[in-house]
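Colleague: Read off the chains here:
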Amino acid sequence: GENVEQHPSTLSVQEGDSAVIKCTYSDSASNYFPWYKQELGKRPQLIIDIRSNVGEKKDQRIAVTLNKTAKHFSLHITETQPEDSAVYFCAASIRSGGSYIPTFGRGTSLIVHP
Amino acid sequence: NAGVTQTPKFQVLKTGQSMTLQCAQDMNHEYMSWYRQDPGMGLRLIHYSVGAGITDQGEVPNGYNVSRSTTEDFPLRLLSAAPSQTSVYFCASSYSGLAVAKNIQYFGAGTRLSVL
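Those protein sequence lines, which keep their order, are chains A and B.
Start counting the first sequence at 1; every next residue gets the next number (the numbering used here).
Start counting the second sequence at 1; every next residue gets the next number (the numbering used here).
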């Protein structure tokens, strides 16, 4: 299976609703889990990250939770707005030889309907 | 501080032509990488480098070559372009491929490549 799996691939919500995107990873040594947002025609940019010594992190309307035992982490967006519409990528650093290689999920296309 | 600079932004090639996509960063990052992005496939790693003189293959390396002679530059070469290489290409860099805690990826603006 893939090193980082991300679900769902598409998520459609009404403005004001919450959105949750989930990822699982395979390497138990991974200890850094960023989330990136890519607006249409733009480059991916970091929006929030979490390290393995922390279970949850919040930044205004977005939060990330991590369950190291189950090897999964999630992005939560509350009170969604149309400008939240974008593709979101989770990532985990997977060991390859002596390096930790950032490995991305396949992405979730979030559509927020006004 | 320009960050990660990619050139060109757009390119059209004919099958069999070769070209080099340029990537440069001015943040003194050790780790650099190339991804291709296709609809529904996310970001797939082509090649990466953990430092000058060191490169390695990612998930989809076939048809692409890289070199890393300096810390700043990481060009991607297409030796004989094929229609299957039509994609959007992103270069990215981060502080280190060893220090996981500082592995925030900074992306270039992307190169949209069409191979006819």
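No lab work stands behind these hints, which were simulated from the structure alone.
Each residue gets a CB set at the ideal place from its N, CA and C atoms; glycine is no exception.
Some hints could be false.
[Unchecked claim] Under 10 Å between C-beta atoms, here's a sample of chain B residues computed to sit facing chain A:
1. TYR31
2. TYR35
3. LEU43
4. GLU59
5. PRO61
6. ASN103
7. GLN105
8. PHE107
9. SER114
Colleague: With reference to the structure, classify each hint as holding or not holding.
Modeller: These are the hints, each one checked on the structure:
no.: 1; hint: TYR31; verdict: holds (8 Å)
no.: 2; hint: TYR35; verdict: holds (8 Å)
no.: 3; hint: LEU43; verdict: holds (4 Å)
no.: 4; hint: GLU59; verdict: holds (9 Å)
no.: 5; hint: PRO61; verdict: violated (13 Å)
no.: 6; hint: ASN103; verdict: holds (5 Å)
no.: 7; hint: GLN105; verdict: holds (6 Å)
no.: 8; hint: PHE107; verdict: holds (4 Å)
no.: 9; hint: SER114; verdict: violated (16 Å)
Comparing the model with each earlier hint shows violations of hints 5, 9; every other hint is respected.
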